Every structure is written in C-alpha cells, then in structure tokens.
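There are 2 protein chains.
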Amino acid sequence: MPPLGLLHMRAWASLFNRLLRPSGVVCIREVHFHSQGQMSLQVSEAVLTSQLKPQHEKSNFIIKTPKGTRDLSPQQMVVREKILDLVIGCFKRHGAKRLDTPAFELKEMLTEKYGEDSGLIYDLKDQGGELLSLRYDLTVPFARYLAMNKVKKMKRYHVGKVWRRESPTIVQGRYREFCQCDFDIAGQFDPMIPDAECLKIMCEILSGLQLGDFLIKVNDRRILDGMLAVCGVPESKFHAICSSIDKLDKISWNDVRHEMVARKGLAPEVADRIGDYIQCHGGVSLVEEMFQDSILSQNKQAIEGLGDLKLLFEYLTLFGIAEKISFDLSLARGLDYYTGVIYEAVLLQTPAQAEESLNVGSVAAGGRYDGLVGMFDPKGHKVPCVGFSIGVERIFAIVEQRMKTSGQKIRTTETQVFVATPQKNFLHERLKLISELWDAGIKAELLYKNNPKLLTQLHYCEHMGIPLAVIIGEQELKEGVIKLRSVASREEVAIKRENLVAEIQKRLSES
Amino acid sequence: MPPLGLLHMRAWASLFNRLLRPSGVVCIREVHFHSQGQMSLQVSEAVLTSQLKPQHEKSNFIIKTPKGTRDLSPQQMVVREKILDLVIGCFKRHGAKRLDTPAFELKEMLTEKYGEDSGLIYDLKDQGGELLSLRYDLTVPFARYLAMNKVKKMKRYHVGKVWRRESPTIVQGRYREFCQCDFDIAGQFDPMIPDAECLKIMCEILSGLQLGDFLIKVNDRRILDGMLAVCGVPESKFHAICSSIDKLDKISWNDVRHEMVARKGLAPEVADRIGDYIQCHGGVSLVEEMFQDSILSQNKQAIEGLGDLKLLFEYLTLFGIAEKISFDLSLARGLDYYTGVIYEAVLLQTPAQAEESLNVGSVAAGGRYDGLVGMFDPKGHKVPCVGFSIGVERIFAIVEQRMKTSGQKIRTTETQVFVATPQKNFLHERLKLISELWDAGIKAELLYKNNPKLLTQLHYCEHMGIPLAVIIGEQELKEGVIKLRSVASREEVAIKRENLVAEIQKRLSES
Numbered sequence: 001m002p003p004l005g006l007l008h009m010r011a012w013a014s015l016f017n018r019l020l021r022p023s024g025v026v027c028i029r030e031v032h033f034h035s036q037g038q039m040s041l042q043v044s045e046a047v048l049t050s051q052l053k054p055q056h057e058k059s060n061f062i063i064k065t066p067k068g069t070r071d072l073s074p075q076q077m078v079v080r081e082k083i084l085d086l087v088i089g090c091f092k093r094h095g096a097k098r099l100d101t102p103a104f105e106l107k108e109m110l111t112e113k114y115g116e117d118s119g120l121i122y123d124l125k126d127q128g129g130e131l132l133s134l135r136y137d138l139t140v141p142f143a144r145y146l147a148m149n150k151v152k153k154m155k156r157y158h159v160g161k162v163w164r165r166e167s168p169t170i171v172q173g174r175y176r177e178f179c180q181c182d183f184d185i186a187g188q189f190d191p192m193i194p195d196a197e198c199l200k201i202m203c204e205i206l207s208g209l210q211l212g213d214f215l216i217k218v219n220d221r222r223i224l225d226g227m228l229a230v231c232g233v234p235e236s237k238f239h240a241i242c243s244s245i246d247k248l249d250k251i252s253w254n255d256v257r258h259e260m261v262a263r264k265g266l267a268p269e270v271a272d273r274i275g276d277y278i279q280c281h282g283g284v285s286l287v288e289e290m291f292q293d294s295i296l297s298q299n300k301q302a303i304e305g306l307g308d309l310k311l312l313f314e315y316l317t318l319f320g321i322a323e324k325i326s327f328d329l330s331l332a333r334g335l336d337y338y339t340g341v342i343y344e345a346v347l348l349q350t351p352a353q354a355e356e357s358l359n360v361g362s363v364a365a366g367g368r369y370d371g372l373v374g375m376f377d378p379k380g381h382k383v384p385c386v387g388f389s390i391g392v393e394r395i396f397a398i399v400e401q402r403m404k405t406s407g408q409k410i411r412t413t414e415t416q417v418f419v420a421t422p423q424k425n426f427l428h429e430r431l432k433l434i435s436e437l438w439d440a441g442i443k444a445e446l447l448y449k450n451n452p453k454l455l456t457q458l459h460y461c462e463h464m465g466i467p468l469a470v471i472i473g474e475q476e477l478k479e480g481v482i483k484l485r486s487v488a489s490r491e492e493v494a495i496k497r498e499n500l501v502a503e504i505q506k507r508l509s510e511s
Numbered sequence: 001m002p003p004l005g006l007l008h009m010r011a012w013a014s015l016f017n018r019l020l021r022p023s024g025v026v027c028i029r030e031v032h033f034h035s036q037g038q039m040s041l042q043v044s045e046a047v048l049t050s051q052l053k054p055q056h057e058k059s060n061f062i063i064k065t066p067k068g069t070r071d072l073s074p075q076q077m078v079v080r081e082k083i084l085d086l087v088i089g090c091f092k093r094h095g096a097k098r099l100d101t102p103a104f105e106l107k108e109m110l111t112e113k114y115g116e117d118s119g120l121i122y123d124l125k126d127q128g129g130e131l132l133s134l135r136y137d138l139t140v141p142f143a144r145y146l147a148m149n150k151v152k153k154m155k156r157y158h159v160g161k162v163w164r165r166e167s168p169t170i171v172q173g174r175y176r177e178f179c180q181c182d183f184d185i186a187g188q189f190d191p192m193i194p195d196a197e198c199l200k201i202m203c204e205i206l207s208g209l210q211l212g213d214f215l216i217k218v219n220d221r222r223i224l225d226g227m228l229a230v231c232g233v234p235e236s237k238f239h240a241i242c243s244s245i246d247k248l249d250k251i252s253w254n255d256v257r258h259e260m261v262a263r264k265g266l267a268p269e270v271a272d273r274i275g276d277y278i279q280c281h282g283g284v285s286l287v288e289e290m291f292q293d294s295i296l297s298q299n300k301q302a303i304e305g306l307g308d309l310k311l312l313f314e315y316l317t318l319f320g321i322a323e324k325i326s327f328d329l330s331l332a333r334g335l336d337y338y339t340g341v342i343y344e345a346v347l348l349q350t351p352a353q354a355e356e357s358l359n360v361g362s363v364a365a366g367g368r369y370d371g372l373v374g375m376f377d378p379k380g381h382k383v384p385c386v387g388f389s390i391g392v393e394r395i396f397a398i399v400e401q402r403m404k405t406s407g408q409k410i411r412t413t414e415t416q417v418f419v420a421t422p423q424k425n426f427l428h429e430r431l432k433l434i435s436e437l438w439d440a441g442i443k444a445e446l447l448y449k450n451n452p453k454l455l456t457q458l459h460y461c462e463h464m465g466i467p468l469a470v471i472i473g474e475q476e477l478k479e480g481v482i483k484l485r486s487v488a489s490r491e492e493v494a495i496k497r498e499n500l501v502a503e504i505q506k507r508l509s510e511s
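As given, the protein sequences belong to chains D and C, one line each in that order. Residue 187 in the numbering used here sits at position 187 of the first sequence, and the numbers go up by one each step. Residue 9 in the numbering used here sits at position 9 of the second sequence, and the numbers go up by one each step.
For reference, chain D alone in the conformation it holds in the complex (with noise of 0.2 Å):
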C-alpha cells in the first residue's frame, strides 16, 4: 500500500481517531502495517467493549431542556403573541411581504459571514449527504434567498428562531435558541429613502411597544473607516479596532484604551485621537461639524457616509422622529456584512424598579449591506440591502418582568363559555349544548367528569377568568331554557333554549 504508507503511524492513529470520533471510539494507539493490504491497529480493549454494551441501559437521567433553551409557557406565548402581533402589524403597515426559510443552511452558505461569531455555529452531524448548519441569523439566508432566485427587489419581514452557541448568560436575557424579528428592503433605490423607513418603523414599533423612552444610534461604516483612516490606523487592524470600540458600552474608554495600545498594538497618541472622535454624538448638527472637521473631511469615504448621513436626518425630520436619533461615532457594529449606515436603538431607562435587575442593552439594531447577495451569486451582481432585527427576546423579557411586578394575571385560555350543571347524569345534555356552541363559533368549555359538582364547575369558571356559564339541568330541560350566568356579578337569567346563541353572542360583542 505504497500511498497509505508514506503516513507516519502515528499519523493514521491520529487519523483514524478523527474518523472514529463521531462514533465516540478514540481508542487506537498504534498502527502497523503488514504484506498485501493488511493493516493492524493496537486498540484499547476496554473502551472498545464498552461500545458493544448495549446502549438502552438508561441511566438515572436528568429530565431537561438542552443548555441555553427553555420551554416557553402559555404565559409567556400570550405576552409574546401580543408583542409580535403588534410588530408584524408595523411591518405590514409599511408593506413588507412575508418569507419563511429552513431552519438550516447547507454549511458554506454560513461560512466567511459571521467573523470570529463562526464558531458560535451549530453544525448538524453529517449522517451522510450534505453538511449543514442551523441557522445564525435570518439575513444571510435572506441574502441567499435573493441570490438564488435572482429576485433584485424586495421588502420583507421574516419572524423565526435563530440558533448560536454562546455561553448562555440566562440571566441577561441571553440563550442559544432564541427569536427574531427581521425587516428589510432590497433594491437600488435613491439613497437614504428606504433606510429612513427603516428607522421610521424602529421608532413605530419601539413607540408602540411602550417600553418607555428610547434612542437610536447612527453612524456610518464608512465614516468609521475614514475616521481610523485619518487617527492612524493601518487598515489590517480595522476590524480588530472596531470589535475594541464595539465594547464601549460594556467597559470604560480607558479600558477600551488599555486594549487598543496594550493588545492590539495602536501608538498611545492614535489610540487618542480615537478617543477625540469616539465621545462625539449628536443630532444634524453634529453631521455639519464633521463635513467641517479638518482632518476627517479630507477623507474621501468619511465624506460620503456623511454626505449621506445630512440626508437621512433630512427625511428624519419628515418623518417626526430626528430626535430619537442621536449620530454617535462610538457606534460600530461588530457583524462583517455592514457596508454604510448602522444603527442601534436603546432603551434610555430601566421603565420600572423592579426591571433594574434586567441589563436589556440593544433592543433592535441593522444597518446597510450591500455586498452580501453578491457573495452568493455566482456572478457577483449586488443587490443592495438595508434592514434591521428586533431583540424580541430582550423586549418579552421586560414585559414579562412588569406584568409579574404588576402582579397582572394572564388569561391563557381565551374560553367565553362554561357549559355547567347541577345535575348527575346530564353529560349528555352537555355534551349536546356544547356541540351547539362550538358549531356557532363560540369558544366554550366543559369538566371531563361524568357528574362535577356544580360548585367545582364554578370556580374553575373563576380561576380561569370565564366571563359567562350556561347552566343546564332538569328544571331547565324541562321547559326549554338555559340559565346564563354572569361568573363576575353571579347574575343569573333564564333564557330560552333557542335564543341562547344570540344572546352569548349579544353578551360577548358589549363586552
């Protein structure tokens, strides 16, 4: 076997380790080769007959979620229909199509996105056929949607699940499975119109959400870049400065300081001017002081991002909401894809005293890209995107922590209609007046028992917040009407059978 042994031995151990892993084996020590294709391979006997116990033998395992996810509850998916409810109504109002993709991605469409966030992840086992890769955010499948259908123009929302591996910090609001809100708009369009819509809608949804007083900041890739550009810094260590001033809002300037001289190698003085340009942050006015900074408006692509920037704030001003929008020159989104505008919108405070617990940070953030289709069509033609994604984990978080400090019980049924008696035998006659209901469109409910007491049937109507109980017994049967029951006001009043549909129904509609 001449090309298998050029290999050292320890080579093809080393090898078939790796090839075996995915079996759980890493057992072989030594390899040897011997006459006319033979190979022998100095095993471990004990791991190996561990592998042919028979693996049913379950253990005294632990019943739970895999790490970083959770179940979510009915309370939780009532808080989080309502919240998404009222986000896919904004992305409608402003005419966004909806679009589903796979939960997973053949792996090389996820490859080279991402920076160092790749290893973050979650591949699938190859179990034979294609490598695949669960889903890290909903833009690159965007992009590779647009790609491969060769679609040049679209406005989309897309709400999904999105996976990562990071070391979950549960009590930030952080896990490895969590939900998305994406909005965006593909096309060549004149410039800064759709990327103001896309603030405008931020605004809306934050606005509506009422999570208290908000911010967005704005800048520019390219004013960031111009502004390393004139401060000093050699493009190679544009992205390695970026992620250092990316972290202003976690650690002190002079830690991001520290970093930047200490371990990315910056000269004090140029980490300085940094620091100079950094601490800006403003309104329009700011926009017109850099066009007028001397060093940095001799840079070509600092010119442009503000150039631009002057415009968007002009359609901000149209749109009412230039105040909620702060050009702030320390923003720097970490993502790879981002080609010109970037924004990010903060809660400003912590709405209640109870929630100062939840570190929120960023609730929404998107930007510019319009490089990122290109990179999966074969010819590289571009299409340019701008969007933005909505942390709702972050916002169902907080308006779970208020309801709870609120002590304000969610309903997670939305049941109208209690079918009671007070009689035994009469699952018949429930079941009948249930069937009635149900046929008309009315949400009702009834006890899985042959003979509930009445009192029983009672409280469950108040334990789970159901506004009306139709009451049936002999009495009742007898001359052809229903009791209505108000559970609230334990009103009561006899109504005839025939009419009973109307009258919810009348009951349901004041209400």
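Careful: at least some of the hints might be erroneous.
Since the list can't tell identical chains apart, any single copy or any two copies may satisfy a pair.
[Unchecked claim] In silico PhoX-like pairs for lysine-lysine, Cα to Cα no more than 20 Å straight-line: (1) 125 x 67; (2) 409 x 483; (3) 449 x 432; (4) 382 x 82; (5) 67 x 107; (6) 310 x 432; (7) 64 x 382; (8) 92 x 82.
Everything labelled a hint here was simulated from the structure, so no lab data went into it. All figures in this text were calculated on a predicted structure; none of them were measured in a lab.
Assemble the complex: chain D is given as a structure, and chain C must be docked to it using the hints.
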C-alpha cells in the same frame, strides 16, 4: 483479547463499518487478530485516500436549500397563515393553551420513542457539551414537558416545525422540514370524553377548510392486539404484523398477505383469519357485531377496546359527527407509543381534476398514549394523554394547487393606500404625507425614488392590488387638498387634507 476474540471476524468488520459510518468510511473488508492485542483490517485504499483531501476546497458551489427543504414564498406564506389561523382558531375555541419547546432536545429524550423510524432523526454535531437531536414530532417534547414540570393536566396546542431525514419524494408533498399542528389533552378523566372532543375538533377543522368530503377511521390498539392474538399471532410478532397491516392503503391485501407469510413467517391460515377481520369497517353497528364475535369476544383486551369504542360512538352521535367516523379494523398506526383508541382522517375525493396528481393520503392522525409521559418520569408516574396532529403541509399543497388551478391572484401585502405625485421634486411632501398615514395606522407605500413617473406609480397600485391612491401635487398643496383615487374605478375626488385620514378609514371600513 479473549472477550473480543469471541466475535467472528466478519462480525468485527461489520461492527467497525457501523462505527465508521458517520464519518462516511465503510470500507473495511476483513479483520484479523494478532497476538498482543493487535488487530488488522483489510481496507479499501481508494476510499481512505479520499478522506485525506481537504474539505475546504470551495468549488463553484450551487446556491440551494438543503435536500428536502425549501423556502416559503410570500404567496405560500399567505396561504399558510390563512390555514393556520383557522386551525388555531379552532384549538382556541376548545380552550387550548399554546406551548412552545426548543427545536432540539437531548438526544436521549428521543430514543426508544419511534421504533424503526429512529434512524430518521437529525442529530447535531458533537461540538462539545450535550448530545442533541432535532425534534421528530411535537408529541414527545410535550410528554417531556409534562414530566419535567410535573404537570398532571393540560390542554395545549403547538404549531411548529419538525425534522425527519426521510428520502424526500417531494411530488407527494413530503419534506424533511415540515410544519405540524398538534392538539393534546393530558390528564386523568372519565373515559372517552376528551377522545371524543379530539375527533370533534378534527371534524371542525376539516369541514372549515373545505377540503371536500372526508372520513375518520377509528380503531383501538387493544382491539388490534386482541384480534392478532385470537388469530394466532405470537405476541413477539405483533409489531411486525401491525406494520404490514399499516401498508394496506398502499398495497393490496394479497401483497400484504404474502409479506406476512413469506417474510414474517405467519402460517397461511393465520394470515387468512387476519384478512377476514381487517376487511371489516363500518359504524357503531360493527362495534356491536364484534362484541358478538365468538372468537374476538374471548379476548379481554379486545372487549375493553370495544367497550370504549361503543362509548365513543355515543358521544360522537351527540356531537353530530358519528357519520363521519368509520370503525376500521385495518387501521394500525405505526408509532410505538399508542395504547388505546387510534384514528386517522382521510380525504375521500380529490376536489378537482388538476389535483389528481396530489396523493395526499391521511391529513390528520392521532390516538391515546397513556404511557409516554411515564417513560420520562424517574418514578414512572403516568399521565394519560390523547391527541392528534394535523399534516398541514398536505393541506397547504392542496389549497395552493386549487388556487393555481382557479387562477386566483393572491395579494402578498396588505397595503391600503399608495402615496403618489405627478410632480418632480415632491419627495418631501410625499414623505410627510405617508408619515401621517402610518401614524394613523393606515397601511401605506410609496416608491423609493425622488422623481417617479405618475404612470409607474399608478401601475404599481394596480399590479399590487392596492385599493386607494392619494395624489399630491403643487395645485393640491396650494389648495390644501389631496386627491383620493379609487384604483379599480379610477375615480378621483379632492379631499381636504385635514379630513383625509378619516375619509380613508371610512372608505376602508366600507369595502
């Protein structure tokens, strides 16, 4: 190596191939043992060298979604949302709460739940940490949730994706990623009341979706087992024979009989006895008939099952759906975990000619599984459950096909008003105007161009099915009015600017 040496050489080769399969290497032909714990493998050189090539070589890759998966276009999403709204509306009408669980579970949670189908589970790559698998259905995660949270009683629904590594025969609407809608009732109740409600809900949904006539086949695991026992099938072959019976809707009785005799070793007269039973189907009268069957009535299990079915039919009659239900002794659902009544809904007619190519088979199925929760509970505490799953993908396919055939145009946006101008340099006025509409909750769009042509704008409205257009030009600005245009009739009226929102809302509420 005495314990290992006990295995035959060929068994060793087979074991190694099995272990190596996940890495794609299945090339070991012979294994020989040597002294001192050495072992030699006869390998295929070609296959091993192919493993050594770097996998990072990105050839000119094809942009696609993973095998068996697909993107859902805005058109498809509209159809889906309509169907899901109806399904969820029905679940809510019956008092169900919504639950959500992670897309993946600990691998061990899914083992021994799906019988032969376990091989279709997607595993995640071991990237350090827990061994995970994508969920295969929504039933097992529900049972895990109940056991984990010690919930003894719950009526819940769950709409979500599940993943199965099936060989995709996409023509028949089978995908590796697909959506399921599950409804289940957990808890100890009086017999057959929740079971009857499940069948009622299935009927409501299938009627509501207007898919044409349908039938729900019902059987009981205990009747099935009892029938096999009295026919002379040894208990060890129950599973194998059930899976043969399960094929009756795809292949003829003769072929099933042949499989039972030739492949599964049943005596021909035993197979014939089974054949006599499983051709029986009918209403409640068949239940009575089986009670009288001198042979079947000797089996205690079968009598229990028949007693429950009799009660079930009583309740179904009260619900007015008995004629939709057929007691069918050939129904034998494949999954391991069913313990009592089982059912499956089938469409009786392909609703239109063009849909004949769609082989939809069953569109909903379920049953009682009283032991599944106990499999997760350390002490084996049982929580009886009954429920069903709607195969919504098949329903989506039918409705999509029907819409295609009818040539019905689907609006993928909900935009109500388009903001247009006949004038150049009117972007600022358009932006101010659309902002007013958005803030009033009106769904509105404009073109992202500084100077679009009026004709282009009006064409866009017609193309997208937007009912109203508001037109602003210099004349209107001067007079403080806006032109409101009905896109369909092309009628235009001038409206005072301050009355515009009210007038639009009036028009929209009328249509």
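Against the structure, the hints come out as follows:
1. For the homomeric pair residue 125 and residue 67, the shortest alpha-carbon distances inside one copy (18 Å) and between copies (15 Å) are both at most 20 Å.
2. In this assembly of identical chains, the alpha carbons of residue 409 and residue 483 never lie at most 20 Å apart, being 28 Å within a copy and 48 Å across copies at closest.
3. With identical chains, the CA atoms of residue 449 and residue 432 are at most 20 Å apart within one copy only, with a shortest distance of 15 Å there and 61 Å across copies.
4. Taking the shortest alpha-carbon separations for residue 382 and residue 82, neither the intra-copy value of 37 Å nor the inter-copy value of 34 Å comes in at or below 20 Å.
5. For the homomeric pair residue 67 and residue 107, the shortest alpha-carbon distance between copies (13 Å) is at most 20 Å, but the shortest distance inside one copy (23 Å) is not.
6. Proximity of residue 310 to residue 432 under the C-alpha cut-off of 20 Å is restricted to the inter-copy arrangement: shortest distance 18 Å between copies versus 69 Å within a copy.
7. Proximity of residue 64 and residue 382 under a CA criterion of 20 Å is satisfied inter-copy only: 18 Å between copies versus 45 Å inside one chain copy.
8. With identical chains, the CA atoms of residue 92 and residue 82 are at most 20 Å apart both within one copy (15 Å) and between copies (15 Å).
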